[in-house]
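Student: First to last, the sequence lines map onto chains A and B. Going by the working numbering, the first residue of the first sequence is number 5, and it counts up by one from there. Going by the working numbering, the first residue of the second sequence is number 154, and it counts up by one from there.
Derived by calculation from the structure, the hints in this document are not laboratory data. Among the hints, a few may not be true.
[Said to hold, decoys possible] The calculated EDC-like cross-link candidates involving lysine to aspartate or glutamate, where the alpha carbons are at most 20 Å apart (straight line), are:
#1 K205/A / D275/B
#2 K369/B / E441/B
#3 K165/B / E355/B
#4 K11/A / E48/A
#5 K176/B / D266/B
#6 K165/B / E441/B
#7 K297/B / D206/A
#8 K205/A / D233/B
#9 K369/B / D343/B
#10 K405/B / E355/B
#11 K11/A / E57/A
#12 K11/A / E44/A
#13 K156/B / D192/B
#14 K205/A / D293/B
#15 K297/B / E203/A
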Amino acid sequence: MIITEQKEFDEILRSLGGCERVFLVGCGVCAATWGTGGEEETREMAARLDEAEKDCTGWVVTEEATCDVRTTRRLLRRNKEQVAPADALLVLACGAGVQTVASLVDVPVYPALNTLFLARLQNLSVCDERCRLCGACILAETAAICPVTLCPKGLMNGPCGGYQDGRCEVDRERDCAWVAIYERMEAQGQRERFMVIREPKDWREDRHPGFINKRQRAPS
Amino acid sequence: MSKLAESIAAGKFVVTAELGPPKGTDVAHLLEMAELLRDHVDAINVTDQQSSVMMLGSLAVCHLLRERGIEPVLQVTCRDRNRIALQSDLLSAAVLHIENVLCLTGDYVTLGDHPQAQPVFDLDSVTLLQAVTALQEGHDLAGKPLQGVPAFFPGAVVSPGANPLGPQIAKMEKKVVAGARFFQTQAVYDPAQFESFVRQVECLNVPILVGIILLKSAGMARFMNSNVAGVTVPDELVDEIGSVPRPDRPAKAVEIAARLIREMKGMCQGVHVMTLGWERYVPQLLDEAGLGQ
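Isolated chain B, as found in the complex (with noise of 0.2 Å):
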């Protein structure tokens, strides 16, 4: 059984990092931000192709970590793939052990670096996860009979920073429906905002791991805040990381992140913390969280 999940049901507070895979076979990088985090987290999540950009695959990524008794969390996105071949790489993911899968839509190929390519959206996360459901029930979606059932713990992903945020829940309510166990969340800023979003969804009775980013920079905020999705950083923190010299911003970064977790922990099962680079941070982000482990 997938210890992240054995984790959760234990009512342990959960800490998931996450890593992208380079554009290219040279992963030494990769492992030595894998070996930083592996002590301090309790899974790590690999980007599929994140924002469009073709890197390497997360599958291997994952089994690269799972070699090493490190936990990963497999992201599958719905861009680059049809149905087959989904199916067929969530079996792979099993055959190597690799239990938690993260299932999302994608973004859309011209955010990337392959803008001219087919873009695919054959299942979408709601139907990718009644794909993962349907596997571990031992049969495709074609109704056929597996040899060999695999076992997952399937998860999603949820924008409590939508707007509107009506239709974000309903598809979050339909993700449950399809089979997600567990969710991430995107990047939150605001302790009151998600306390409001955490009320609404309670009655689906579904662990949430609050989304962090580290805030790099006030530039960074503001890049977020008109380009990404959701995504809102409150002038007081925009000014905040604003505020110190650039040698100082890790050690503030950490300060505010640390700050958000604690203030958020009462309302979730778990953090998600995305680093973008900043892996190192991480160990001294979770002490001051109160997380250390």
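Okay, chain A solo, but in the shape it has when bound (with noise of 0.2 Å):
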């Protein structure tokens, strides 16, 4: 899950700038979940557009991804009688789900929330950055528990001499991974994983900005 944050409430005032009448548009998926850009913050931004003397020409969320280009524009263009009179439109999404709702309008958009990490979540309150990303998944060889998110250093073959009894030496009340990953290899009776020892990571495999086009691939 994308975790994300809502920004200061002056922030967003300050980007919305000149402009009185906004629409808004908040993400059904992620955001809803974590509760930063659901019907409910939704409707709660609305109102303090309101109280900030703007004109909140309306409001909707996404029943899936806001990044999902085609179900949102199929959703703007069905509340097209409140989008149009809009002069900015404010996002509850992340960044992907702004710049998808900014590819299919003119008029200037904005994001209402910060955009952190790809998480776990543990539970309404609790989540934890989970997958960098990367672009070259190693978890087959780290008993699926990611050193490059987790372990500051993105360290590749064992834990570096900075952790005590198990925690991190960057911040004590997070477990060392690595020290996780041993553990539960020796449990799983792997240790001569482990003991491979892991080329450094090929960056090139960290591909951004990403970019895809499935019918675009050569058959193979």
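Two chains, each in its own frame: build the complex with the hints.
Tutor: As structure tokens, this is what we get:
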């Protein structure tokens, strides 16, 4: 799940600047689940804009993820009577969602959220980052615990000398990823996998900005 | 060939010390300390931006030591340079006749005085050792041949007091496979614990230089106990150094360190003394430890 946080309202107002009529778009997937851009939060944002003497022309929460151009386009079309008078759109979704909306309208589109990371959701209050989208998954070799994400140094061959009582040198509140990997591998009888020397990461696989067109892929 | 390597190969119990370059260009004090140590140690480590604090470079200081006929150990960390810069600096070391290279991961940037800096860690200590090995084999990490092949004596570090110890030993084993020919350890204050560690890594058949840090005060001991990973100063030693008045502390620190060295001498191939400003007590320490030269 993509984890987001709401920006300070002052910052949102500053970015809206002179725009008076604002249409809001929330995201019904990640932001809704995490409580930053679902129906409740979008409705609340509309009310706050109202208090700040902006004219909220309307709001929607995308049923699918806002970052899906197909469904978001349809939704904006269905609500064109409220979208058309707006001189700005405010989007309560991740950065991909904001840019999806921006690609569908001509007026300025502003983000209401900061996009933080890709996480495992433990419950509605606790989530932890689990994937850095590095483009070359090594979880098969690391007991399904990602050192690229969870080791601050992104080490590939075991822990540094800084762990203490299994905790990370950088943050003693956190478990050392490599100690966790080692212990899980031991428990699963995979110590020999730990002993394999992993080559330095090939950063070419960290393909940003990412772009894929499946139809253009060479047939294999 | 590295004199340190020769001494270890000849079965001599070796002594290394450690100096930290200054923040700035005034090397007078550093060189004075190096002169003080020169006749007492086999080599001097020069730290690489220790604790992520920006300092004069290890390579330049190693060169200054080498010029004076003092055997340096170049410490290289993976924190600040990518694989291109690291390999290039290794070649630079080689042309400056610096052969002893200690390969470390490096502390994280936020521990130092430029916490805003971008951490690199493109290589880790294991793959840095592989880079050293590759260069010695006449090619770089990309497999490209070298014009002129360097010779190194690569070393690495290990923390015998790490908790848990399993992953530490597993990584040590990887370092040996990657080319580490000697190890210097984190400070040890518990000979029994060190003995148990040595037994577990005997099969690796690699020389180990046990780390000794002069215990300057009870406060320092307590600080290390709560802040330095893998270092545990037993209560008896905290009390022992705490029991003497300040003027007598250097003598007591030397006495404790000498005792530790005597107890562990039979378990390893050398000692790495970290003095943290108390370099002047090294001759006395080695005398008391029965290692005077």
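Student: For every hint, state whether the structure bears it out.
Tutor: Going through the hints against the structure:
no.: 1; hint: K205/A / D275/B; result: holds, 7 Å
no.: 2; hint: K369/B / E441/B; result: holds, 17 Å
no.: 3; hint: K165/B / E355/B; result: holds, 18 Å
no.: 4; hint: K11/A / E48/A; result: holds, 14 Å
no.: 5; hint: K176/B / D266/B; result: holds, 11 Å
no.: 6; hint: K165/B / E441/B; result: holds, 18 Å
no.: 7; hint: K297/B / D206/A; result: holds, 17 Å
no.: 8; hint: K205/A / D233/B; result: holds, 16 Å
no.: 9; hint: K369/B / D343/B; result: holds, 17 Å
no.: 10; hint: K405/B / E355/B; result: violated, 32 Å
no.: 11; hint: K11/A / E57/A; result: holds, 19 Å
no.: 12; hint: K11/A / E44/A; result: holds, 16 Å
no.: 13; hint: K156/B / D192/B; result: holds, 14 Å
no.: 14; hint: K205/A / D293/B; result: holds, 16 Å
no.: 15; hint: K297/B / E203/A; result: holds, 16 Å
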